[in-house]
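Visitor: Heads up: the first sequence begins at 285 in our numbering, then just goes up one per residue.
Read the hints as simulated data drawn from the structure, not as lab findings.
The list that follows gives simulated cross-link-like pairs (lysine-lysine, DSSO-like), each with its CA atoms no further than 27 Å apart: (1) K442 / K541; (2) K442 / K498; (3) K541 / K436; (4) K504 / K521; (5) K442 / K521.
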Amino acid sequence: MPELPEVETVKRGIATHVENKIIQQVILRERRLRWEVPETLATILPGQRVETVTRRGKYLLLKCTLGHLLIHLGMSGRLLVVNPEIPLQKHDHVDFIFENNQCLRYHDPRRFGCILWTTEPTEQHPLLANLGMEPLENRAIGEHLFNIARKKDIAVKKFIMNNQVVVGIGNIYANESLFLAGIHPLRAVSSINLAEFQQLGIVIQQILTIAIAKGGTTLKDFTNSAGQAGYFQQELKIYGRAGEPCGQCGAIVQHIKIVQRPSYFCPHCQPVE
DNA sequence: AAAAGGACCTGGTGGC
DNA sequence: TGCCACCAGGTCCTTT
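Use the sequences and the hints to build the structure in full.
Guide: Structure below.
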């Protein structure tokens, strides 16, 4: 589900409610996420204060008194700030109940997400150590992509979705970025020149920034921490538009699979070569 | 070493 | 209405 803008939306939504609040109780109803949620969370977290909420790629990092909670929403995860009395829904797996009687509730039907605990510096955690560049915190993203691309032989869409190259770009924003940059998703990265990568870097930053401002993309079930949908789906220019005329030139939008993921492109605006 | 493919899950949808 | 196949916003792990 959530790509960088959605995770950022959730981060901002929960930060005001949990930062500087003390965890009172942790309820683990279903620990079988992508990796098992540590049982010890229920005993070590109560009494600890959440100091900050930050984001690295699509991971949320809750800095606590004695370590970090590391949360990923996977494909279908949600984090809601609710009153703990609110009746449970199916797949409400974990509750973090705070002293102010607010509850951070983790919900995840497909259980592809994770909730982990680390006392090491987060940048050394195996899941975070190899993550690539943050697209919104660096100006030279185009040069970065170009330099790595020269050693590789893969389709550009797969390349920009690789979190070891650049973080946060999932299937929707990969499709949208390549359309706005006029680059065919199947083009080999080694054939893309610096100017093209610089343009791609610019549109990636623009699209992620606007998507955050719109509260993310809700195709089906993404919501922010208050349970509200995002609005960026109204801005999608290419994703999900197979068979429709391209908004720029009128050619029919094509649909193919790239690495098993749905991919959309305009054959005129995004020439193969 | 790099790239491709499989795996992990549930819920919704469309076809018969 | 029921059953089934297929699809979905992610990414790690295994195989080639």
